[in-house]
Amino acid sequence: MTNPAPEVLLEVTDLKVHFPIKRGIVIDRTIGHVFAVDGVDLAIRRGETYGLVGESGCGKSTLGRAILRLSEPTAGQVVFDGTDVAKLKGEELRKARRRMQMIFQDPLGSLDPRQSVESILLEGMRAHGLDKDKEATQSRLRQLLSAVGLPETALRKYPHEFSGGQRQRIGIARALSVEPDLIVADEPVSALDVSVQAQVVNLLEDLQAQLGLTYVVIAHDLAVVRHISDRIGVMYLGALVEETDADTLYANPMHPYTRALLSAIPVPDPVVEDSREQILLAGDLPSPANPPTGCRFHTRCPWKQASLCDTDRPQLREVGRGHRVACHYAEDIREGRIQPHEVEPELVELSGLLNPDLGPPDVGSVSEIL
Amino acid sequence: MALLEVRDLTVDFVRRGERPFTAVDGVSFDVEPGQTVGLVGESGCGKSVTSLAIMRLLARRGNKVSGSVRFEGTDLLRLSDKDMRDRRGRDLGMVFQDPLSSLNPVIPIGLQITEVLERHRGMSRKVASVEAVDLLNKVGIPDPSRRLTEYPHQLSGGMRQRALIAIALACRPRLLIADEPTTALDVTIQAQILALLRELVQDTGTALIMITHDLGVVAGLCDEVNVLYGGKIVERAQRHQLFAQPRHPYTHGLLASIPRLDAGRHEKLIPIRGSVADNIPWDGGCAFAPRCPNALPVCREVSPRLVPDNGGLLRCHNPVRPPVAAGGGIR
Amino acid sequence: MNTLLNKKKEPIDKLAAAAGHSLGGEALRRMLRSPVAITGAVITGLFVLLAIFAPLIAPKDPFQRYLQDKVILGQGIIPGSQAGYPLGVDDFGRDELSRLLVGAQNTLLVGVLATVIGVAVGILIGGLAGAFGGWVDTVLMRMVDVMLSVPSLLLAISVAALFAKPSQWTVIIAVSIIGVPIFARLLRGSMLAQRNSDHVLAATSLGVKRGAIVFRHMLPNSLGPVIVQATLTLATAILEAAALSFLGLGDADQNRAEWGIMLSKGAKQFLDVRPELAYYPAIAIIVVALGFTLLGESLREALDPKNRR
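Chains as they are written, first to last, in the working numbering: chain A, 1 to 370; chain B, 1 to 331; chain C, 1 to 309.
It should be emphasised that the hints constitute simulated quantities derived from the structure, not laboratory data. Using N, Cα and C, we set each Cβ at its ideal position, and we do this for glycine too. Worth double-checking, as some hints may not be accurate.
[To be verified] Output of the computed footprint for chain B on chain A, the stretches with three or more beta carbons under 8 Å from beta carbons of chain B:
| hint | segment |
| --- | --- |
| 1 | 72-83 |
| 2 | 152-158 |
| 3 | 241-251 |
| 4 | 271-281 |
[What the hints assert, rightly or not] Here are some of the chain C residues that sit facing chain A, going by a computed Cβ distance under 7 Å:
| hint | residue |
| --- | --- |
| 5 | Q68 |
| 6 | V116 |
| 7 | A120 |
| 8 | V121 |
| 9 | H199 |
| 10 | A202 |
| 11 | S205 |
| 12 | N255 |
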């Protein structure tokens with residue numbers, strides 16, 4: 001039984017998102033850039049779940065938003081089902097938005113506190129003229145709520161009357177209300193209690209099976225991502241460093257950063273915790289406004305070599321079936337020809353503006369994001 | 001005599017015009033010298049309030065604390081404010097979750113460390129500065145002498161947390177309380193900080209109370225674990241025991257609902273139904289009953305008591321029957 | 001597959017059956033429980049009622065000079081409290097109590113108009129700056145900065161001095177200008193905070209039109225602080241209007257029954273003869289300003305999302 005080549009729904013080519021850093025007394029001048037996303041290529045197939053992982057400052061959230069044009073790409077293409085979304089404007093853009101939706105991290109902030117649930121769910125439908133038939137609309141609202149496991153009485157209530165998990169489900173219902181093809185979930189469960197996370201994860205999986213959705217799941221919790229994703233991309237300081245299917249990533253990680261990341265995750269099993277070898281990274285993430293030359297990871301890499309690593313930026317290349325890695329010495333490390341060594345932690349100068357823990361710098365105005 | 005003996009600690013919050021809310025409900029546990037004890041639970045279970053109550057850091061008004069907290073024989077709850085201030089920093093150290101708000105943003109790091117050293121160990125500024133550099137070095141902050149004059153916002157989250165740990169350990173307290181110290185940090189930084197804590201605790205022989213919601217963190221760090229729900233301890237066990245054979249349905253449910261790196265990828269997560277808000281008061285039964293897959297009618301009538309169970313403690317009418325594998329792993 | 005369908009019909013958790021409580025409703029409930037709010041509301045309510053019904057309540061005609069013959073300014077005699085005139089009379093023999101009551105009307109008018117104009121112009125400027133950003137924002141905000149850099153009373157005096165023929169409107173406009181930069185900054189700030197919020201992003205991602213986002217998402221959430229500030233500004237507007245009148249920059253007609261004018265006259269001319277003529281309007285101003293301030297502060301507390309449980 002031959003499977004036809006999986007259809008690519010979203011293709012991102014050399015995407016860059018650079019935020020200008022402005023300073024000035026009367027007029028703001030640009031004195032530098034935060035290279036939040038610095039040249040990312042990936043392709044997402046219809047129906048799959050693509051997990052995007054990395055720690056703070058790696059640009060995964062910015063990438064997710066850039067794909068949906070909620071953040072403006074500085075360069076590159078975002079081709080969604082044949083159309084380059086990055087080039088669309090005005091009404092065309094507005095209409096195209098319907099097919100790609102987002103689920104946000106903070107269930108409270110992502111719902112308008114002054115609107116009832118009914119109003120929140122109707123908004124998207126109204127914007128695309130999907131609410132013409134009153135009967136059908138009401139029925140659809142009930143369907144949406146039922147699909148996320150909320151009772152009909154929720155319609156009249158306001159966001160602050162719900163728990164975190166319930167609010168997240170309202171957010172999911174809202175994303176579904178316009179019948180999208182692609183949903184980008186930005187940290188969908190990290191703000192929820194542990195016991196509730198599983199509910200939402202299961203819900204997302206069920207919905208995908210029922211509705212044939214394509215997901216991009218952005219998360220820092222690797223265990224969650226592994227559970228839900230088909231393929232996973234690992235990001236570090238604005239670039240993809242490794243990409244492969246979920247099983248391979250955890251069984252056979254090749255990029256040094258991926259290996260360190262996996263070894264850092266706490267496992268709720270004392271036997272495993274006691275026996276495993278941890279690769280501890282030294283020092284801090286370099287500033288995204290001032291990334292290291294060559295390979296961005298070389299300042300903290302336990303396998304750094306004397307040549308190439310600090311001069312040439314490695315490209316993502318195929319090292320196995322569907323397995324891409326951005327490392328000059330990936331195969332050498334895998335074969336054990338190179339051993340890890342001690343790394344001196346490097347001093348990272350931080351001023352308040354460039355703290356990677358904060359979000360992207362302020363955009364100039366409301367209309368820039370609308 | 002244990003280093004710390006908490007007996008029947010109860011904290012009620014009273015706000016004008018509302019019913020009193022019992023955040024911590026008769027919690028008792030011991031900490032031996034050099035031992036690491038974990039307090040595990042989700043938001044609202046009372047673990048943070050417990051640590052604040054032990055350190056006498058709760059607000060002056062709006063709450064009622066009862067029970068006893070005996071540190072080396074002395075009940076901390078009965079001490080005068082002045083005596084408690086002497087103890088804090090010198091005998092008891094605390095590391096909080098958010099390093100940015102726990103450090104004074106307008107005072108350089110060095111001063112925040114030397115301040116503690118001068119007060120409790122009577123050092124002069126010069127001697128304290130030298131000791132501060134040594135401490136920063138011990139917690140793995142690069143170029144420590146330069147860092148002394150820097151402000152908290154100039155350090156990254158991980159570095160700030162290390163600085164906090166340095167301050168907490170400056171006077172070599174016999175007990176360190178860490179309240180979600182790594183929750184706000186990235187996972188690789190978290191690994192660094194946890195390794196650091198492990199190392200320091202071993203080197204200095206400090207006892208540690210680790211408060212967290214992350215069972216993975218507990219598995220790697222704690223000797224004995226207390227699971228809290230609704231302000232009460234529902235299970236206590238030694239670390240291997242707890243994970244191999246969780247007896248309380250809540251513990252078991254938590255372990256089953258967490259996706260694990262070493263489990264099969266396609267095993268369905270088994271969530272705990274409902275949310276923390278779905279509970280009944282402890283005096284009318286078991287608070288976990290509305291969400292419990294093992295609930296019996298008695299669970300909604302009689303409050304279960306904490307009884308010895310297989311070397312630990314358990315508060316349940318109908319515990320999970322062993323043998324049960326935690327999570328979905330292939331063993 | 002069957003289990004999937006079953007799961008769809010059963011909600012994962014139950015919700016309280018009660019109908020939805022909007023944020024506004026909750027805020028109101030919270031205020032009703034706060035003694036500070038109630039005090040403020042009572043004072044302002046009384047004031048507003050008095051102002052509205054003053055002509056009907058006033059025991060005597062505020063303009064009739066009943067005891068004029070008893071007033072001998074040369075010898076410093078002004079009749080004080082007596083039967084029929086509980087607060088005495090002023091320098092023209094008019095009933096002080098009645099004048100105070102009618103004065104409430106004028107004072108309220110001045111305060112309300114000054115505030116309303118300040119709010120309207122302020123949110124227009126702030127709204128434009130927040131919505132358009134870029135150079136529009138920069139230019140408008142620099143203008144606002146200039147206005148803010150001048151002490152408020154000085155600003156009002158400068159504006160008032162521009163009027164060739166000062167009148168009640170001089171005071172109103174001058175005082176309103178004090179409020180403009182405050183409200184402009186406030187609304188711009190709120191809108192900036194709103195546009196960074198996830199729910200605005202979500203609306204954008206849903207394809208909601210720009211205008212709808214500004215008016216349905218951003219403005220309603222930004223108006224809270226503006227309303228609170230408006231109540232507080234009302235209090236200070238009354239005080240500033242009184243100050244301007246005191247300095248003689250307002251209505252030239254010194255015979256109007258308005259608290260600021262009455263205070264000004266009383267303090268300048270009769271402090272040694274009959275100081276009550278200054279005290280009464282002063283106390284009235286202070287009490288009303290206090291009432292609005294209490295109301296405004298409790299409103300702010302009630303609307304603060306951190307107080308939500």
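So, going through the hints one by one against the coordinates:
Only residues whose beta carbon comes within less than 8 Å of a beta carbon in chain B count, and the segment 72-83 of chain A has 0; fewer than three means the coverage is violated. For the segment 152-158 of chain A, the stated coverage by chain B is violated: 0 residues have a C-beta nearer than 8 Å to a C-beta of that chain, whereas at least 3 were required. With 3 residues bearing a CB less than 8 Å from a CB of chain B, the segment 241-251 of chain A meets the requirement of three and the coverage assertion stands. Counting residues of the segment 271-281 of chain A whose CB lies closer than 8 Å to any CB of chain B gives 7, which reaches the minimum of 3, so the coverage claim holds.
Given hint, Q68(C) at the interface with chain A, is violated; its Cβ is 59 Å from that chain's nearest Cβ, farther than 7 Å. Annotation: interface hint on V116(C) violated; nearest CB of chain A at approximately 23 Å, more than 7 Å. The beta carbon of A120(C) is not positioned within 7 Å of any beta carbon in chain A (closest approach about 21 Å), and the interface hint is therefore violated. With a least beta-carbon distance of about 20 Å to chain A, the hint placing V121(C) at the interface is violated under the 7 Å criterion.
A distance limit of 7 Å between C-beta atoms decides the matter here; for H199(C) the minimum to chain A is near 4 Å, and the interface restraint holds. Checking A202(C) against chain A by beta carbon gives a least distance of about 5 Å; that is within 7 Å, so the hint holds. For the restraint placing S205(C) at the interface with chain A, the shortest Cβ-Cβ distance is roughly 5 Å, inside the 7 Å limit, so the hint holds. Below 7 Å, beta-carbon pairs count as interface contacts, and N255(C) has none with chain A, the closest being about 49 Å; its hint is therefore violated.
The structure does not agree with the numbered hints 1, 2, 5, 6, 7, 8 and 12 stated previously, though it agrees with the rest.
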